[in-house]
Amino acid sequence: MSVAVLSPNGQTTTSGAGPATTLLVATIQGLLIYEREAQGKPWALARRALVEFQISSVLHDPVSGRILAGTHGGKGLWASDDGGATWSQKTGGMDRPHVYMLVAQPRPEGTVIYCGTEPVGLYRSTDMGETWTDLPAVSDVPGNDRWTFPPPPHIAHVKHIAFHPAEPKTLYVCIEQGALLKSVDDGASWVELTDYENVALVEEKFRRDNHRVVIRPSNPQHLLLCGGEGLFRSLDGGITWEHLLTRQSRVGYPDAMFLDPRDENTVYLGGPGHAPREWAKERNADATVMVSHDFGTTWQERREGLPNPVVGNIEAMGLHQQGEQVLISVGTATGEVYVSENEGHHWERVAHNVPPISKAGHFRWFLTDERRLQIEEAMRGWKPAETV
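Using the working numbering, the first residue of the sequence shown is number 505, and each one after it goes up by one.
It should be emphasised that the hints constitute simulated quantities derived from the structure, not laboratory data. Among the hints, erroneous ones may be present.
What the hints assert, rightly or not - Cross-link-like lysine to any residue pairs, in silico, SDA-like; alpha carbons within 25 Å at most: (1) K673 x V688; (2) K545 x G569; (3) K686 x D740; (4) K686 x L639; (5) K785 x I743; (6) K686 x V645; (7) K673 x A692; (8) K673 x L639; (9) K686 x G647; (10) K673 x G614; (11) K686 x R628; (12) K545 x G580; (13) K673 x G596; (14) K545 x P811.
As the list claims (entries may be wrong) - Okay, the calculated beta carbon distance ranges per label pair: (15) D586 x R853: 35 to 41 Å; (16) E634 x E701: 35 to 41 Å; (17) P623 x N812: 27 to 33 Å; (18) Q878 x E634: 35 to 41 Å.
The structure presented is a predicted model; accordingly, all values stated were derived computationally and were not measured. Where a beta carbon is used, it is the ideal one built from N, C-alpha and C, also for glycine.
Could you put together the complete structure from these sequences and hints?
Here it is in structure tokens:
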């Protein structure tokens, strides 16, 4: 079994010995597990799991087969060792059970898993999530009293973590909203990188709304940072930045981003032109997928087979590599899943009218009042924060 993952936060790339035949999709009402017999065959929903939870991030370990699912709303972290049939909670050592992101880092001594939470917290596990060790320094950075998040209760979270490809102890962390942090001592201490704020070509005050960092494998000094003010590029390890995409660009509010593992100059980006508050005016995010073959300098749309427009924002993108082939998947805030096996030149619909795939409460902009109440009731009384 070769497993691909589609979730709004955390690790977005997977690999396997063969084409993906299982697709794990994180939604606001549990995990959807799709399967197909072989490449080119149709996908079908095999099972649903954790249906009472909003899944924020999913991680699959190809060696053990373990699936880890982080949940919003203080519902903690869950693990399955039987393909999603049964689950057990894994929060030993955690005191912040609102999980935002999960990511694995292979090391010579074994796989290390990191978990980022709301309020801001970072945990490390060396036993596949059985137990967790707090890295408290991440929440003690000077200026953390200004970290916030627009929706009530205005609490910031760890959105993403990226690893230096040659220096395992060098980590980059995105705090949404508040900071881009770097550690060179395995999370024992952190410094804030701030120059991207100085080059943001926008009229409104830049809010350090950081979503995701990617690092060029052959030259780790080359970074891309996407977030609420577009896309930035650094060629000196984050000391200085240039602003490549702004709110006036076709994708001005990117959240999903990754490099093609076969070609580090190729970057995939998904999202809308504007921030969530703008979506409400038309109940339409008009999202799209973009690709760059020159590390972010120029861009082309890849949307054949996607709805026109993509009303619900593209909240998640994933890439699964098998040799020289890749499977790209996207999920929307209106409950649609699409895949492409030709670099996004054409998209095939896997599902529609499923529970929304959504970061926090982004899905709320696209629901009728009746549907919103139905979802909130189904989620056992937990109401996602209003999104601004």
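Comparing the hints with the structure gives:
no. : hint                    : verdict
1   : K673 x V688             : 5 Å, holds
2   : K545 x G569             : 23 Å, holds
3   : K686 x D740             : 13 Å, holds
4   : K686 x L639             : 13 Å, holds
5   : K785 x I743             : 38 Å, violated
6   : K686 x V645             : 11 Å, holds
7   : K673 x A692             : 10 Å, holds
8   : K673 x L639             : 13 Å, holds
9   : K686 x G647             : 15 Å, holds
10  : K673 x G614             : 14 Å, holds
11  : K686 x R628             : 16 Å, holds
12  : K545 x G580             : 35 Å, violated
13  : K673 x G596             : 24 Å, holds
14  : K545 x P811             : 22 Å, holds
15  : D586 x R853: 35 to 41 Å : 29 Å, violated
16  : E634 x E701: 35 to 41 Å : 39 Å, holds
17  : P623 x N812: 27 to 33 Å : 40 Å, violated
18  : Q878 x E634: 35 to 41 Å : 36 Å, holds
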